[in-house]
Amino acid sequence: MPTRDELLRELRRRVQLPAAEHAALLREVRGDLEGMVALLELQGHARAEARARALAALAPSEEALAALAQVHRPLYRRLTAGVAQGRLRLAEVSAVVAMAVLAALAPVVPLVQGGRLPPLPAGTLSVCAGLLLANMGWYAFRGFVRRDADVEDLERGGRTQAGLVGLALSAGSLALAVHVWQVAGAWQRGPGSSGPEALRLVAEASTATAFMLGVAILGVFGALALLQGIMVARDIERELGELVESLNPREGRR
Amino acid sequence: MTQQPNLSKHVNELLILATLRSGPAHGYEIALAVERDSEGTFSFQHGTLYPILHRLEKEGLIAGAWHGRGRKRRTYALTSKGEAYLVGETRQVKSLFQDLIRILEGPTHAYA
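Line by line, the protein sequences are chains A and B.
Numbering-wise, the first sequence is residues 1 to 254 according to my numbering.
Numbering-wise, the second sequence is residues 1001 to 1112 according to my numbering.
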């Protein structure tokens, strides 16, 4: 009897199903195995014989798993089946990079057009926003469109997301601190002459804060979406653990 | 020559649909019923039941549902589309086998 981890590794290698379908299949097979063993025992068969018959009838072979993968093939993979995989990956990554660059440039374009370079904290915040969108976009694409993200992929995405949110908050806080320092400096020079200057700095500080909070909220939503994907993937592992337990030859366990 | 259907695949589908005519059933109940009703002639092994069930469900010929509290189990039921499909395909399979038997039992032709 393989251990739960051995079975997990084997299933990950063999079962090319999207996460939700993977969990559902395990749940269905577990339920049917338990039901069949119970029914055969009721009909007078010994537990060992009932278990062997149930496994022989219901445990999916490589062929059955390949057929299931065909049945549950995501639409995106069916549509792109004729495209060379290398080219397809390049196109996918390019699309995500383009989205990230646009998202990063959008907030700073008005500044550049006005002949000013964005200050370093604001520029960093823009880059963070772009990277966050790219990260979320990539994993959303893999989770919902290509449907081939497993739990390790999603956890990696989640760690990247958390890091980028942290970086965005740091950059935003630094930008805010710089603005506050500049406002203080402007007021020190005298409220009368530096009033408009101070107001402009306060407006920029508010904008930077709002942008930072927006980026952070975006990042948190993305992290929650990844977390949901991780929970579905973890569901598979729990179902698998229960399946292994239901096949355990120890007497009295059901 | 027209393309011949994949008879074995077809037969498996029809066996499942015919079994569900009696009412909704779990996957394992379908497997056991087919083996019992055919006296062992037909049986599902190595989980080959599941791709067929899932495909029939995607095509709308059967409908799957989860039942029970806690540990849910899946049952399948024949849809009206599945019922109509079964009637039509049963007629075709009958005709196919009648033609086959006619050839097997009929007089052989002399070829010059």
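Hints should not be assumed to be uniformly reliable.
[What the hints assert, rightly or not] Interface residues of chain B toward chain A, partial, derived using beta-carbon atoms under 10 Å:
#1 A1031
#2 G1040
#3 I1052
#4 L1053
#5 W1066
#6 K1072
#7 R1074
#8 K1081
#9 Y1085
#10 F1097
#11 Q1098
#12 R1102
In short, the hints are calculated from the structure, not lab data.
Glycine included, each C-beta is placed from N, C-alpha and C at the ideal position.
Under the constraints set out in the numbered hints, which ones does this structure not fulfil? 2, 8, 9, 10, 11 and 12
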